[in-house]
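Enquirer: This is what each chain is made of:
There are 2 protein chains.
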Amino acid sequence: MPGVTLTYAHLNRAIMRTGQEMLFVLGPGHGAAALNAATWLEGTYSMRHPEVRQDLAGMRELFRQFSFPGGVPSHASPHLPGSIHEGGELGYSLAHATGAAFDNPNLLVACTIGDGEAETAALSASWHGSLFLDRVTDGSVLPILHLNGYKIASPTLLARMSREELDAMLSAQGWEPMYVEGADAAEVHECFADVLDAAMERIRGIRDDAECGLGPRDPCRPMIVLATPKGWTGPMLVDGERVEGTFRSHQVPLPEVRENPEHLAQLEDWLRSYRPEELFDDAGRPVDRIARLHPEHLRMSANRATHGHDSVDLRLPSPADHSVGFAAPGTELAEATRVLGGYLRDALVENPRNLLFFSPDEHTSNRLDAVLEVTGRRWRGRRIAGDDRLSPDGRVLEVLSEHLCQGWLEGYLLTGRHGVFSTYEAFAHIVDSMVVQHAKWLHMAAEYPWREPIPSLNYLITSHVWRKDHNGASHQDPGFIDHVLSKRPEVSRVYLPPDANCLLHVFDHCLRSRGRVNVVVAGKQPALQYLDDDAARVHCERGLSAWRWAGSDTDRPAEVVLACAGDVPTQETLAAAMLLRELVPDLAVRVVNVVDLARLFPPDRHPHGIGDDEYRDIFTDAPVIFAFHGYPWLIHRIAYRRPGHDAMHVHGFTDNGTTTTPFSMCAMNGIDRFTLAAAALTEVPRVRDRLERFTADLTARREAAEAYARRYGIDTPEIIDWRWGGGDSR
Amino acid sequence: MPGVTLTYAHLNRAIMRTGQEMLFVLGPGHGAAALNAATWLEGTYSMRHPEVRQDLAGMRELFRQFSFPGGVPSHASPHLPGSIHEGGELGYSLAHATGAAFDNPNLLVACTIGDGEAETAALSASWHGSLFLDRVTDGSVLPILHLNGYKIASPTLLARMSREELDAMLSAQGWEPMYVEGADAAEVHECFADVLDAAMERIRGIRDDAECGLGPRDPCRPMIVLATPKGWTGPMLVDGERVEGTFRSHQVPLPEVRENPEHLAQLEDWLRSYRPEELFDDAGRPVDRIARLHPEHLRMSANRATHGHDSVDLRLPSPADHSVGFAAPGTELAEATRVLGGYLRDALVENPRNLLFFSPDEHTSNRLDAVLEVTGRRWRGRRIAGDDRLSPDGRVLEVLSEHLCQGWLEGYLLTGRHGVFSTYEAFAHIVDSMVVQHAKWLHMAAEYPWREPIPSLNYLITSHVWRKDHNGASHQDPGFIDHVLSKRPEVSRVYLPPDANCLLHVFDHCLRSRGRVNVVVAGKQPALQYLDDDAARVHCERGLSAWRWAGSDTDRPAEVVLACAGDVPTQETLAAAMLLRELVPDLAVRVVNVVDLARLFPPDRHPHGIGDDEYRDIFTDAPVIFAFHGYPWLIHRIAYRRPGHDAMHVHGFTDNGTTTTPFSMCAMNGIDRFTLAAAALTEVPRVRDRLERFTADLTARREAAEAYARRYGIDTPEIIDWRWGGGDSR
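These protein sequences, in sequence, are chains A and B. No gaps in the numbering here: position 708 of the first sequence is 708 in the UniProt record's numbering, and each next residue is one more. No gaps in the numbering here: position 446 of the second sequence is 446 in the UniProt record's numbering, and each next residue is one more.
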């Protein structure tokens with residue numbers, strides 16, 4: 001990683017010369033060695049890891065812990081002071097850097113990108129970020145594309161492009177490449193210094209112009225292309241084969257230092273070639289000449305924003321001010337995400353420089369339009385008549401790349417600000433691997449007390465599996481919540497608010513939280529409302545509760561429990577409860593709704609888990625028919641150790657998807673009201689003798705509804721106009 | 001989708017003029033209407049969907065089924081004859097087109113890319129594909145980038161680039177854009193015809209040059225940029241607002257035709273503007289003039305390769321010829337993937353134009369080197385000294401983008417050929433969403449008898465969670481198998497071969513299979529070998545079996561079962577069995593190994609599931625300690641309805657990952673031999689009284705091993721040199 005060491009040293013020189021605040025993002029794989037060393041030389045590594053002192057013993061520990069059991073990984077990770085980037089999986093450095101620059105007008109984010117990483121899909125798209133940075137209200141990003149020529153074994157695509165091709169590709173996407181190339185250290189140093197000074201002057205010029213209202217709104221931004229040999233300054237030949245400048249210098253150029261005395265001797269020669277005796281004093285401390293190369297203030301490794309310091313909580317409106325009113329539960333329709341839009345609009349007004357919204361061009365489709373009453377969609381490019389609410393500093397960032405939405409938001413959060421990513425449920429899988437890495441970052445970062453918890457990563461997952469009526473199977477996949485719940489329980493949260501008022505309270509909670517990945521699943525279609533503001537607040541705080549007003553077990557023990565999680569399953573469960581009242585008025589049915597899925601975990605598996613006693617209070621000893629938004633096995637996985645689990649029957653999405661009506665989707669997957677009611681009857685021996693008649697009736701009604709859908713393309717009037725008529729007192 | 005209709009018509013004209021074999025990939029979202037119509041006009045739609053005849057009633061049905069319950073989705077999907085592309089999730093059209101072109105020298109793949117799709121990460125990276133296509137042995141790809149200016153609500157980035165910028169960006173990545181731009185239909189037609197003819201001539205020229213050994217090895221390839229207004233030829237104004245050329249024409253330009261008589265009138269005017277009376281006869285059949293616009297032969301919608309026809313099975317070597325020999329189980333080391341490499345090399349020799357290997361630059365890292373004895377890494381760019389085994393027509397495609405590896409392989413499979421994608425386990429999540437879409441394609445395609453099953457999508461998942469010793473937590477995630485098993489059981493398969501010989505048999509099976517997503521998880525590190533070729537064959541055919549040679553239950557019923565799935569869990573389980581022999585010689589232990597995870601499903605949940613009787617034969621009634629490669633809940637999810645499930649205790653990865661030794665990883669997650677042995681003892685009442693002594697002993701030994709790892713950076717000699725010594729007869 002000689003290129004990273006070189007870069008870091010020159011950035012430090014520039015900081016000292018100009019007083020520019022900087023932050024460093026390290027993209028290349030296995031590059032942490034260089035950054036461990038650089039931050040150790042600055043003293044910040046020892047400050048954050050007191051066991052790694054700035055002396056001989058500390059230096060030994062620094063070397064030893066690298067990629068060593070109980071030590072630190074070989075890529076950027078939370079152990080590195082000043083780092084905001086989990087670099088284990090390649091591709092996200094430039095997106096993180098861009099996210100960090102939003103709303104940080106005084107910041108310059110230097111971002112080293114490996115030429116291996118540059119081949120990834122996410123990085124390929126990330127060059128577009130230049131177009132989204134405001135010249136005045138945002139900071140700047142300085143990409144440093146490091147062409148060392150090879151990945152593990154193959155050459156890299158970008159390193160073998162001609163200079164003209166690379167120039168063309170980058171400048172077309174808003175960057176002005178400036179080149180530092182060579183293998184002679186002294187020449188490269190001089191060149192790097194000149195180029196970096198010029199780049200920073202250009203960045204300053206763009207800002208100065210913008211402040212005076214001059215210059216193009218979307219100027220080309222400077223970037224550096226650094227072309228040095230892979231394994232530069234390392235062993236030239238090993239066992240007679242060329243190493244420097246080839247793929248053989250990847251990771252470990254001398255593989256047999258333990259067994260092969262020649263390799264050991266080469267290693268010693270190599271390390272001595274840096275003349276350590278001139279760099280360190282006898283105690284192993286950097287000599288003054290070296291120590292003076294680092295800024296006293298503004299050290300990149302001590303940038304407060306990178307450790308979550310100075311992160312300001314949001315000032316949030318009251319959910320009560322946005323709540324949907326109704327005369328009785330289950331009688332009025334509202335679009336949950338549209339209601340949330342009003343709340344988010346007011347939140348934005350209160351937090352104009354601290355909150356951003358990201359979406360793959362679905363902000364309006366997801367019915368968060370109200371936000372656009374007080375801001376625009378960020379757009380700095382050419383505009384034409386017919387464009388809708390574009391604005392150069394809009395707070396809604398839309399780009400048809402889930403990777404960019406996620407990567408930008410992560411960078412924004414990792415530097416202490418707040419945000420929301422709204423996206424279609426099925427396509428949330430596009431960022432599966434990114435959320436793994438972010439969750440791992442959150443979990444690992446919590447081990448370092450000098451890192452303050454950062455604002456949570458908040459997903460609004462909508463256009464969900466039950467209401468992709470027109471798109472069909474490809475748009476129907478509720479598995480993102482399974483994926484997130486496979487991550488550490490300290491970090492992962494999944495909420496399924498049943499209606500708009502619950503969505504408000506859940507989102508209020510999520511926006512106030514820190515250090516979490518919050519997945520909120522909510523529909524955007526008109527749906528019945530059940531809880532007023534007060535009831536919603538209490539229900540969401542509890543995370544799950546029996547809806548006594550919906551059940552018929554008020555004066556006697558429940559004979560069967562209808563449980564539900566998710567807006568559509570809640571609707572079908574209530575309809576099933578109403579059917580049961582109609583058909584078997586003497587049956588004691590309890591309705592339970594779950595908002596916070598993690599409540600179902602045993603407490604030793606998840607911090608939100610409730611005890612078995614509380615669980616039994618809610619679910620009773622009666623059999624449970626559970627209508628679930630997602631794959632049924634997620635509930636089994638969570639609750640398999642619970643009392644009565646053998647009598648819990650989960651109905652959920654079983655990958656039976658197609659282009660069809662909302663009710664038909666439910667029927668295909670067995671979460672429709674008729675199937676749920678029949679399932680409940682089957683579980684109660686006392687009424688089982690009446691089953692045949694009712695089951696036949698319920699089946700006939702389900703089949704008629706499905707036939708109607710296929711014939712007319714819509715659900716039956718009785719299903720569309722269905723209202724809860726089971727009682728309105730709580 | 002007037003742009004798609006235009007494109008299709010011109011491609012047909014070109015086919016008729018030149019006799020060029022073509023295939024069409026439709027990228028833009030909600031674009032299926034155009035392709036439904038085009039293939040209906042050609043007659044192939046009616047051929048494949050006899051209920052949609054080429055007459056008035058058929059036309060009505062064609063319109064009605066579009067995005068309608070029980071009908072077809074609004075994007076390209078398996079119902080479309082000639083299509084190989086599931087277009088529900090945007091981003092993969094160009095990668096699919098590239099994959100289809102490999103080894104199809106006579107084929108031209110025309111690929112329409114929406115400017116929304118062009119913003120996705122996967123598509124951004126896909127332009128690199130040009131560099132991987134051989135001029136002679138591969139076919140050609142003709143991208144048609146359709147700039148209609150808007151996504152759902154925002155403008156698109158590429159449409160607002162200047163012509164110079166777009167030119168620069170595309171040509172830098174190996175494409176020569178040719179422009180068709182305008183709003184006047186007649187002019188655009190003429191221009192499209194000229195440009196398409198020129199593009200095809202250029203494609204022919206590149207091939208002719210190559211066949212004569214002329215021209216650059218990596219020429220710029222022609223592509224078309226088609227810029228027409230969004231909603232072109234549709235209503236210009238609706239309710240006084242401009243629609244044509246703006247985002248308002250997305251999907252449904254006239255939203256209220258049912259309620260609003262003005263909208264209805266506008267709809268009628270619009271549709272009549274195409275003068276249907278001149279296009280169709282009284283019976284609703286296309287008039288001759290229209291029918292003659294389509295080629296008689298070589299219809300894109302009847303391309304046999306797109307329906308899996310003419311797909312040739314692989315000729316495969318015998319696993320026996322590659323098997324690892326040993327004197328007794330558990331005494332010899334081998335690297336499973338290296339052994340597989342030899343088998344794959346021989347497979348490649350037998351199938352030189354029908355089999356490709358894809359990897360994000362990890363082919364050698366994953367120890368499949370042997371393949372490179374008979375081919376090279378595909379590389380058509382500039383070459384320099386130090387490059388390792390590059391070749392312009394190499395059969396190993398390495399690019400550091402999992403998206404491209406997956407997308408190219410999908411395109412190759414969807415046109416009937418075979419391939420393997422080898423990748424690091426943790427980073428397989430990068431393609432989570434792509435495998436969802438491919439699995440959905442396979443499942444939906446199976447509904448159409450005119451689609452033959454295509455070769456399976458085979459993953460070799462290696463560098464797995466238990467052996468990312470140096471990289472740590474970011475590289476440790478076994479959740480890809482959970483994800484794949486959430487897809488339809490008809491399609492999804494997960495195999496965990498315990499050793500090299502089993503890996504050979506599993507892979508042999510996978511390469512012979514069709515219509516599946518096969519995930520094979522296997523380590524690349526030296527590991528003990530257990531089954532000879534014959535035993536491996538039988539074991540893999542069964543999918544799971546009791547390893548009688550490893551157990552102590554030969555002459556009496558098992559008191560406890562040690563089950564395992566995965567190579568490292570198998571090693572720890574056998575070590576635990578040996579410990580139990582040593583400590584409690586009178587205990588009857590059975591060892592069960594599971595290769596095919598789906599065998600554990602009940603038969604009504606997965607076609608591979610075994611019956612409860614067979615399950616009980618194997619697992620007995622004794623308690624089960626199950627050491628599992630992945631997250632423990634996956635086993636619970638699969639087996640929760642099995643007899644004895646309450647007494648099954650699964651030990652697996654619980655997201656306790658870090659940079660540490662192999663044994664330490666096992667210990668941190670409770671799948672190490674000592675923990676397993678102690679857990680087994682706990683379950684057997686007869687020996688429970690001896691538990692305290694043994695448990696204390698086992699705990700002490702585990703802790704000592706962990707301390708050693710932290711001190712010396714390696715596992716203890718006793719763990720490293722561990723061999724199975726429990727018996728060698730079967």
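Think of the hints as simulated: they come from the structure by calculation, not from any bench. Any given hint could turn out to be false.
Identical chains share a label here; the pair holds if one copy fits it or two copies do between them.
As the list claims (entries may be wrong) - Calculated pairs, SDA-like style, for lysine to any residue (alpha carbon to alpha carbon, straight line, at most 25 Å):
hint : residue 1 : residue 2
1    : LYS487    : GLY670
2    : LYS487    : LEU271
3    : LYS487    : GLU51
4    : LYS487    : ALA639
5    : LYS487    : GLY609
6    : LYS487    : ASP721
7    : LYS487    : SER318
8    : LYS487    : ILE714
9    : LYS487    : ARG389
10   : LYS487    : ARG383
11   : LYS487    : PHE326
12   : LYS487    : THR658
13   : LYS487    : HIS470
14   : LYS487    : GLU296
Treat the numbers as computed from the prediction; the structure is a model and nothing was measured.
Enquirer: Which numbered hints are broken by the structure, listed smallest first?
Expert: Hints 2, 3, 6, 7, 8, 9, 10, 11 and 14 contradicted; others consistent.
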